Amino acid sequence: MTVETKLTMTEQDVRSFSALHSEPEAFTDLRVQALAAAEALPLPKPDKTKIINWNFTDFPAHTVDSSTYESLNELPEQVKSIVDLEQKNLYIQHNNTPAYISLDKNLEQQGVILTDIQTAIREHSDLVAKYFMTEAVKAEEHKLTALHAALLNGGVFLYVPKNVVIEKPVQAVFLHDNEEASLFNHALIVADKSSSVTYVENYISTVPQAKGQANIVSEVFAEDNASVTYGAVDVLAEGFTTYVNRRGVAQRDARIEWALGMMNDSNTISDNTTFLIGDNSVGDTKTVVVGRGTQKQNFTTQVIHWGKNSDGQILKHGVMKDSASSIFNGIGKIEHGATKANAEQESRVLMLSPKARGDANPILLIDEDDVTAGHAASVGRVDPVQLYYLMSRGITKQEAERLVIHGFLAPVVNVLPIEGVKKQLTEVIERKVR
Amino acid sequence: MSTLVIKDLHVEIEGKQILKGVNLSINTSEIHAIMGPNGTGKSTLASAIMGHPKYEVTQGTIELDGEDVLAMEVDERARAGLFLAMQYPSEISGVTNADFMRSAMNARREEGNEVSLMKFIRELDSKMETLAMDQDMAQRYLNEGFSGGEKKRNEILQMMMIKPTFAVLDEIDSGLDIDALKVVSEGINQMKGENFGCLIITHYQRLLNYITPDHVHVMMQGRVVKSGGPELAHKLEAEGYDWIKAELGIEDETVGQEA
Ligand SMILES: Nc1ncnc2c1ncn2[C@@H]1O[C@H](COP(=O)(O)OP(=O)(O)O)[C@@H](O)[C@H]1O
Ligand SMILES: [Mg+2]
Numbered sequence: 001m002t003v004e005t006k007l008t009m010t011e012q013d014v015r016s017f018s019a020l021h022s023e024p025e026a027f028t029d030l031r032v033q034a035l036a037a038a039e040a041l042p043l044p045k046p047d048k049t050k051i052i053n054w055n056f057t058d059f060p061a062h063t064v065d066s067s068t069y070e071s072l073n074e075l076p077e078q079v080k081s082i083v084d085l086e087q088k089n090l091y092i093q094h095n096n097t098p099a100y101i102s103l104d105k106n107l108e109q110q111g112v113i114l115t116d117i118q119t120a121i122r123e124h125s126d127l128v129a130k131y132f133m134t135e136a137v138k139a140e141e142h143k144l145t146a147l148h149a150a151l152l153n154g155g156v157f158l159y160v161p162k163n164v165v166i167e168k169p170v171q172a173v174f175l176h177d178n179e180e181a182s183l184f185n186h187a188l189i190v191a192d193k194s195s196s197v198t199y200v201e202n203y204i205s206t207v208p209q210a211k212g213q214a215n216i217v218s219e220v221f222a223e224d225n226a227s228v229t230y231g232a233v234d235v236l237a238e239g240f241t242t243y244v245n246r247r248g249v250a251q252r253d254a255r256i257e258w259a260l261g262m263m264n265d266s267n268t269i270s271d272n273t274t275f276l277i278g279d280n281s282v283g284d285t286k287t288v289v290v291g292r293g294t295q296k297q298n299f300t301t302q303v304i305h306w307g308k309n310s311d312g313q314i315l316k317h318g319v320m321k322d323s324a325s326s327i328f329n330g331i332g333k334i335e336h337g338a339t340k341a342n343a344e345q346e347s348r349v350l351m352l353s354p355k356a357r358g359d360a361n362p363i364l365l366i367d368e369d370d371v372t373a374g375h376a377a378s379v380g381r382v383d384p385v386q387l388y389y390l391m392s393r394g395i396t397k398q399e400a401e402r403l404v405i406h407g408f409l410a411p412v413v414n415v416l417p418i419e420g421v422k423k424q425l426t427e428v429i430e431r432k433v434r
Numbered sequence: 435m436s437t438l439v440i441k442d443l444h445v446e447i448e449g450k451q452i453l454k455g456v457n458l459s460i461n462t463s464e465i466h467a468i469m470g471p472n473g474t475g476k477s478t479l480a481s482a483i484m485g486h487p488k489y490e491v492t493q494g495t496i497e498l499d500g501e502d503v504l505a506m507e508v509d510e511r512a513r514a515g516l517f518l519a520m521q522y523p524s525e526i527s528g529v530t531n532a533d534f535m536r537s538a539m540n541a542r543r544e545e546g547n548e549v550s551l552m553k554f555i556r557e558l559d560s561k562m563e564t565l566a567m568d569q570d571m572a573q574r575y576l577n578e579g580f581s582g583g584e585k586k587r588n589e590i591l592q593m594m595m596i597k598p599t600f601a602v603l604d605e606i607d608s609g610l611d612i613d614a615l616k617v618v619s620e621g622i623n624q625m626k627g628e629n630f631g632c633l634i635i636t637h638y639q640r641l642l643n644y645i646t647p648d649h650v651h652v653m654m655q656g657r658v659v660k661s662g663g664p665e666l667a668h669k670l671e672a673e674g675y676d677w678i679k680a681e682l683g684i685e686d687e688t689v690g691q692e693a
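Here the protein sequences come in this chain order: A and B. This note's numbering numbers the first residue of the first sequence as 1 and each following residue consecutively. This note's numbering numbers the first residue of the second sequence as 435 and each following residue consecutively.
Simulated from the structure, these hints should not be mistaken for laboratory data. Please note: incorrect hints may appear among the correct ones.
Unchecked claim - Part of the chain B face toward chain A, derived, beta carbon under 8 Å:
1) Met506
2) Asp509
3) Ile596
As the structure is a computational prediction, the values presented were derived from the model and not from experiment. Even glycine gets a Cβ: it sits at the ideal position worked out from N, Cα and C.
Just chain A, with the same shape it has in the complex (with noise of 0.2 Å):
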């Protein structure tokens, strides 16, 4: 059975919210056509996941009005306690209303570019038509794709000019606090040659039920010899049906980092994906997860290797409790060509209950003979002999499990260069696994 695809947005819909943000004709043309070829794209097949009856569609509204803040004392406390109050490098969105932005002066004097997407849609529309859903992620690849072009409604741009080194992380919060929004929201990442960054973002919801939809696409693109950071903590709420593609594309001796807490309640589709094009590229994906409830989630990580001497590791991590089931599909593509190049993997889950499901699958394509490649996985139950190396200490058992568990998510936790984010991390790990 197919669900009924009717989309709630008509062409005009999209024009008219098109006009109000006063984008440039090209763009509104592209929304256009994504929405007209929405309707007949299939789904995206993630790997062991049938999502054929999830609900990717149906949203309660389009835009919501949220207020802004006028200083970042006005925050939420749950908001403030992740962003560094002497954070220069800030974007704050707040639903679908960007609330606040603040950029180091020196940086903007630099050509530094942090603006919303909207903005950056209207103001800086060569770099957006260059990037923007042209060669990370296509529009027409299926149907969630094509939605998240057509209806487009948030998010963020960076542009990092040549040779900027950019020292404190810039942050990106997502602060979802409406359960009637929706969130399609688009972060689009420029670091132009031998420039660096580190970017880091939340997803955050303060209300425990979501009605609407996130399809939320990051691209992030390396130029020569340029290093991104990039880590996210989502904590998105029980009730969206989550799609979340996050890619990457490193040209000649330039690195994509990604760190990535995947701490969602709602059922999530993820794609994480680096292409290594560039002759010494590097890729590394550490990714950490905790299912529990009745959730379901597929985390496809994969890194495309087309460079020479390009090096892509792939850490996962998950942990699943209650009757909540994850996929794990870790693949390691070497195209022909790629000498030298090397794909690693290490894809673990550990089951804290019974009904809880879990399944690590490493998968190896490749097209060349002159490479190294390598994968490790296991799924299975923290260890009794560990509990027992613990306890023997003194230590109760569920202080023992504990330790274990976060030791096990550590990975991500410690890589996250803002202190609040690793802190934030941190508890909410303690709260889903408790």
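Since chain A is already given, all that's left is putting chain B with the ligands on it; use the hints.
Here is chain B with the ligands on its own, set in the frame of chain A:
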């Protein structure tokens, strides 16, 4: 004074009987050594004392000052004063050595009365110095990627931080070079006193050159077959185990064989 009393201890692992009636009594201020060839049940005894989940006690008792140790969970045994330096310590990724040790110390304290971070770090630093351990070992993940010798030192470090009433040290000397053996012995000797008793499991007399035991026991076929003073260890070093086997009519000393 505290006493650990083991009576008629029988232990099975996966249905196979390993210990066949061990009797042993240790007081604080005493150092006991258990010697014996490989496969005679020494680690099994240590594991049964601590409560390893795979080892099943089928008969006999273990009492600590009259309290039934076998009725306690592993963590309760530890908090009651028992400690085991394991022959093969677990590796725990993502948990730093320092965090782990602080959790272990705080597990013995009331909530709200946790050991202060400064005090903890000072103590850890000084004990690591005694054991000639690199300071960065505190921030490394628990036993992960540690060499054999580093793991042994780390076990002794934990003992020194936790300060148990009774410590069982299972082959703490195996794989240590002479310098490491000296610092580890120094650590153990620092613990000696009227509030500390120790059971050292080893099959080399070498360690006992640095730590003088009050009592020496020999284990074979899952039992203590001979006990004596420090001179027994010397005799074993000089003459091996064959004379004991001859004396007791034992052909194969491992636990698979019936006496
Ligand atoms: N997990 C196990 N399963 C089955 N037999 C075991 C296991 N562990 C130990 N044994 C057996 O128990 C006996 C005693 O082992 P152990 O106590 O480790 O001896 P020791 O420490 O004196 O070398 C040996 O014969 C060994 O094969
Ligand atoms: Mg042994």
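Here's how the hints hold up against the structure:
Hint on Met506 (chain B) is violated. Least Cβ distance to chain A is approximately 11 Å, over the 8 Å limit. Given hint, Asp509 (chain B) at the interface with chain A, holds; its Cβ is 4 Å from that chain's nearest Cβ, closer than 8 Å. Because the closest C-beta pair between Ile596 (chain B) and chain A is about 6 Å apart, less than 8 Å, the hint holds.
The structure does not agree with numbered hint 1 stated previously, though it agrees with all others.
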